[in-house]
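Enquirer: With the hints in hand, could you dock these two chains into one complex?
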Amino acid sequence: MFDRRLIENFDWGFLVVILLICSAGLVILYSAVTAGHDGVGVHPLFKRQIIWMVTGLCIMLASVVIDFRELDKLNLFIYTLCVGMLVAIYLFGELGGGSRRWLVIGFVRIQPSELMKIALVISLASVYSTCVSMEGLGFRDLIKPAILCLIPFGLIVNQPDLGTGLLLLLIAGSITLFVKVEKKVFFTLAGIGFSIVPLVWFVGLKAYQKDRILTFLDPDRDPLGAGYHIIQSKIAIGSGMVMGKGFLKGTQSALSFLPEQHTDFILSVLAEEWGLVGCLILLVLYLILLFWGLNIAYNCRNTFGSILAFGITIMIFWQIFINIGMVMGLMPVVGVPLPLISYGGSSVVTNMVGFGILLNISMRKFTN
Amino acid sequence: MSGLNKNVDREWIKQRLMGASLCFLMVFALLLLRLVYLQVIKGEEYRRLSKTNCVRLKSIKSSRGLIYDRNNNLLVENRPAFDLNIVLEDANPVKETVKKLASLIDVPYEDLMENITKAGKAAFYKQLTLKRDISRDQLAIVEAHKFDLPGIHIDIEPTRHYVYEKLAAHLLGYLGQINRRELESGSFPNVKTGDSIGRYGVEKSFESYLHGKGGGRQVEVDAKGRVVKVLKTVPPRSGNDLHLTLDLELQKTAEKLLGNHDGAVVAIDPSNGDVLVMASAPSFDQNDFIGGISSKKWKVLMADPGRPMNNKAIQAEYPPASTYKIVTAIAALEEKVIDGRSTFFCPGYYQFGNRRYQCWNRYGHGEINVVDALAQSCDVFFYQAGEKVGVDTLAQYATGCGLGRLTGIRLDHERRGLIPTAAWKKKRYHESWQAGETLSISIGQGFDLVTPLQMAVFIAAVGNSGTLYRPRIVKSIEDSDGNIIKSIEPEIIGGLPVSKKNLALVQKGLLKTVEGRRGTGRQIRIKGIDIAGKTGTAQVYSRKAGEKFDNTNLGRSLRDHAWFVCYAPAQAPKIAISVIIEHGEHGASVSAPIARALIKQYLERQTP
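Going line by line, the protein sequences match chains V and E. Under numbering that gives the first Met the number 0, the residues of the first sequence are numbered 0 to 367, in order. Under numbering that gives the first Met the number 0, the residues of the second sequence are numbered 0 to 607, in order.
Just chain E, same shape as in the assembly (with noise of 0.2 Å):
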């Protein structure tokens, strides 16, 4: 180590550093050359270029995928809009132009300057939108005084257009401008400022396959702004297409059955977990949001009691009331509490300590078995099931089938539900379960809450002979060519607990509903076609925190929710259906009967 210090060494060191010292010297050489070719040589011509700045970026939208149903017709296109721009450099003056501009197109002078006062001075030679999407009338006035019109330009931009207005809002979704804090997360790397993004269900869930990539241009500008030479262009590229599993026709239907209603309708391919139908009622017209819903628009939807701007599909949870009895019923046939030929006796009510539980029918059902219980929804059956079942095993067999937890839609927004157990209630409350709280339950009342996603998963499953599928919204993602660039399949995600014994009985049981002389969906059968399903109707009793009523609602809004989910045809089911009718009282006389026109169109469709 101390070697170096001799003459020999520091010899050594000198040459090493001389030789350092030369590459130092080339290098600067070098940047010196480069400075003089650029302020020297070529320095006339970028003086001339940095006087009138023209060399500038223009961009060109990638438009954005297109979503098809299941039988390829179009349900979300890209239509052309036109867009007022100006480039403030251009247009002196500004504030002459502006007002030339807001007379002739009959638009206020202040709406106009609102972006260019936002944008304040950097902005100036960028080109700012002054308005979008103008009118056919506003564009031939602007193009008919485009001389006396400087520095403003129309430029076509791709802009979403829903094609059927309020169809399946809920599920198709709707964009919105990205944000800052959105932009800088690193998330979205093909998007830009101003531009927009999915906001809500497939259009937010799919973004990164519907968003193309922008393009741009180099160009170069003359005096007025006018483009004299492109001198690069890069071209945008078109986002991926989207083929849903969704029925445009049964959708259609579904949602003109809703009618006025507030509810949902679910309808699912039991052999593969498709959505065939996801309607929510209220709606709202996604068109309203494409480049900002205005906050009128937004106030109105927010303080709708109907609640438009929420999927019940998935975001609402309903307790499942007698459509429940179906997971009671395999419970306690599974637990062998009960078997096919066991009965109970109604009386029209169940005594339980120092309280009588009714059965929805006063006169009693008399002796009962299981598959006349589910066919006639008989309570006092049920309470006995299950409470001879108990809480905690009930719990297990409705996590089983599904309930009380996330089906795996590919939406966001999506609710689990609640299955109570003894535990739960002890964290959520500290209080004890009561076995009367056993009673309530085992008919889908008290804590049980399910979405009418799960429901239809879950009934499908029934009728399938017991496959839970995760239900699937879009089938395919191709790219503007038609090559598939994604396909999603079919995914199982469990099995019903049940035998197929069992599984046989409550089938019987729900066939009987419809089929039956006594069931209790027995308006809806269609000649040819065997359905099996299950009513309920859900009681009402305290609606939920911080909901404030409405004096003229305050009757309609106590009655109780209608529930029907069925499937069809009972021996090899191709649909399944799940119905809720908010307030609609008795689900066989509200809920049943969308169900039933469902089932006509789609079957009578499929074996013309």
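The shape of chain V in the complex, shown without the other chains (with noise of 0.2 Å):
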């Protein structure tokens, strides 16, 4: 059943990526948290994450042993079992800052949302699959991708976490657009889109809800919360100019002056001890993993396993994308962990379940 041909095939070049990636992250956050931490010895939450790092890693290499085309068969298995984490949070969540977004099995913590980013990219790939052509998608093709889509949107930005839930879109709307609609149903879909906007705005919202959404959009409107981690996060990574001030020499970082400087706000700390050089590095690193997922999905000769590839490549993206536009000023301030490196088991252990499908696509390449 073990075909000896999938090991010599094994993407180890893929896997060096990822473990410098990591390594690199495990460096930034020990100095993340180390500074400002007064007790004996490294600190809890380091632990932790070398734990879920070699957690995420073990489940990575067993998801390989599986043929990724059972994954096309039990896409509607694994999306409904994250719909159901999704409202089961509504009934059981764990309140956190106001949202529930945490579900808490025995001794973990888990974020639903997070998972249900996999679990929507395994569904859109199997329904595009099936209905994918030249042409492009027609009007009838993408009603079932809708429903997938909007169901857990609707969950995660009730609990609320608009961050996650316009996440999923971006990732579910790049892949659509990855295999092509046509013309007509592009631009349609367009003008209602650019149509309802200002329906919603004007009608739908009130006054606080918009509110909140300005701010989300522009952060210089709530000076004393967003808009002064943002000036605090610029600082940061200003001060640490090309060289960078060095490892644990940071000042930024070591005053808590960003709250979430271990998990959202992560690239602060890099920028200001290992300066643009450092920056620079982990660009790169982060460069070649995307050009290799996407190679994945170029190099594989079943129609489901290239949409998956390259879902998972581009929910990679936007995740990498985001995080750095917001911690430097360039997004909106939203609640999207940076991969490999943000402090949070239920992100590695997700990018980490995405990494293994795609060593998994890369090595049964030759299989359709």
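Simulated crosslink set (DSS-like; lysine-lysine; CA at most 25 Å straight-line):
(1) V:K233 with E:K41
(2) E:K94 with E:K125
(3) E:K41 with V:K248
(4) E:K212 with V:K209
(5) V:K244 with E:K125
(6) E:K41 with E:K231
Bear in mind the hints are in silico, worked out from the structure with no lab data behind them. Keep in mind it's a predicted model, so treat the numbers as computed, not measured.
Expert: Following this line, the structure appears as structure tokens:
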């Protein structure tokens, strides 16, 4: 059953890139949690992140054993499971910062909206692989994907977690554009989109909701909250200059000006301590990772596999872009973690599962 | 599906992927440009800013809504308080600065250091409060030595001030600092760490209206922590003001007359349910709670046998005693067990089985009808009336009269009292109902328990011909510019289960209680005002389980509670009152005079 050819085809290069980014992540996280930590020994968050990374790597390598085409058959089951968890949040979710995002199972706290991203990518790849054509998709072909998308979107936006909800739409939209839609479909949808936005804005939203969205788009509107974080983050990044202040020598991060410096704002720690050079290295590593993913999508001889590989790559891409953009003040302040660098178990595991699937597709590129 | 394996299709997918690659490259180029802009072009500037860590946040507290009485008298306001704050980074060396400060303002060094040690390292650049609300003298000293005390700031914070010490403390409530669990619950979106929220009374119930929204400033400071430039300001938004139904002068009188007694007074406007007076004695000083009550003061309050932290008007449950005879009368009349003409004979006791149930009047009332039985509070009459009605039917009427259920006043901790039924006793004690117990509850003893507020709402309904109002304490909520945000209308919660004709009989009995020759409340007559009322003397059989006896108080704490409920003027009532004095013995002699004074004051003011 298990072909020896598979081991020969194992994508060692890709694994090396992942491990490099992971190690970089641990170095940065160490600095982020050590500064200002007056306890003895290594910070517990750092230990926990190592455990999560090892767990993630194990899951990644284990998932290589099962043929990725099984996912095609199981897609509805996986999707339903994740939507079920999102619904469960409403019933027994744990409150944090005014929204319900976490589900506590035993001793682990998981964030189902993270897992939902992978589930949606798998389902969309499965649906699109049956109807893709060179002319592009028609309206009929888009009904099912739209439903698949809107259910989790609604549930996540309601938590409320507008950022992750929009991220889900971005991923789904990119995959749809990738498999190509008919021109008239594209323009009609774009037209509807542009006309619905003002309608919702002026009729559907209450003043405080508008306010929240405006602040989301323009953090300067909230100079005591998000706007202040962005300023501090920009000071941290800029003060790193070209060469950085050196490992553990950052001052901004040491003083907890940034409330989430070990999660969403971790890039500011890298930029402050390692400077432009450090950031450049990370960006290059990410770019290699993304191109490798696209290459896997190209080499796969199975339509489902191609779309799936692209979907996972684009999922990683959006997270990188939104997170770095946000930290540098180019993007709204959203709770999107930096893949493999930010602290967070659900995020690490989700991304590792994604990479596992990519490795899987890469190994079986000749099967169709 | 397999179509894409052909060469044409591979060419197609290659094209799509090339498109994606191009997008990736462009986006990464954009990110890189931004990095270069921040780290190279503006790098020097940001490096300078990071050295002094000079962009900081200063919060501006919002002022909490004010509270007025029904005649626009200010009850609760905010006064400026001067807080002594420190920023550790600027106060180098910290210990010496704080020592100097401690000797200047004569406060123990350890007290000042408490918050600093608690905050730990993390708060190096955050402002910490050393001491809240310093005196004017201390303020003057600190100001004079400003330049010897680096990093020390004085900030003016609006602080709650209860204008009349101890007045209506239970109704108005008090504040306390928000705790971490409450902050994380997300129920207080505009409240930050260190802010105070309503913990009791109106302050708590109307928290969301009273609490404004804090503002703040993003400022740039110099190396000594002085503000060089204000970058951005978010102005605070004041909370909304409350206009209560409470009558300040009447409340003052009620509390003065309660004096050293333990007890409660509630007065209600029978035409709409407005709470004019809600007094509970002993009281406490709400100003003690501002900035956290000291544990010494708290212990004293908790140890007081008079339970000062309980609002006795809604939280204390008492046997209604003879005031309950009004309910028994209504039930008996409505169930046609008696009518206006029927009489019972009272020889001073009622023989039931092998037990004698005494009337309070050992010589007996003779042949007596319902009107006189109410006026003279004949126990024997109501033993027999209640016995014929039965426990469960009596309970139905009591519930219909608003007893044994919440009145719905917008205050926390309201108790519902207890109206027993046979089923209740079975469930609670696994015992059957004894017929003799029906006699006890017919005169409001035994299991029956009510709150003073319930009795006030009930007697108001008797006076206004049968409408039960939800007691209203806040009339309107206005923003700081005087625009009405919300007005709370009177709300009818039910009607007394009694016909006009039968209610008239009850009213006649109550009027005769005060105005009749042999009425139990005849001492409190006021010339020119007809008062209708009912006295009550609640036997204190046993104290609540767990309550400790104080030897010196033993005699007193076994004495009866004194009730008086009434409304006036009897023909068109403007005020309904319920008074209870714990261990006051006789309603007529202790509680009724308080009601009399309130009626006199209130009605004389209305018709000058």
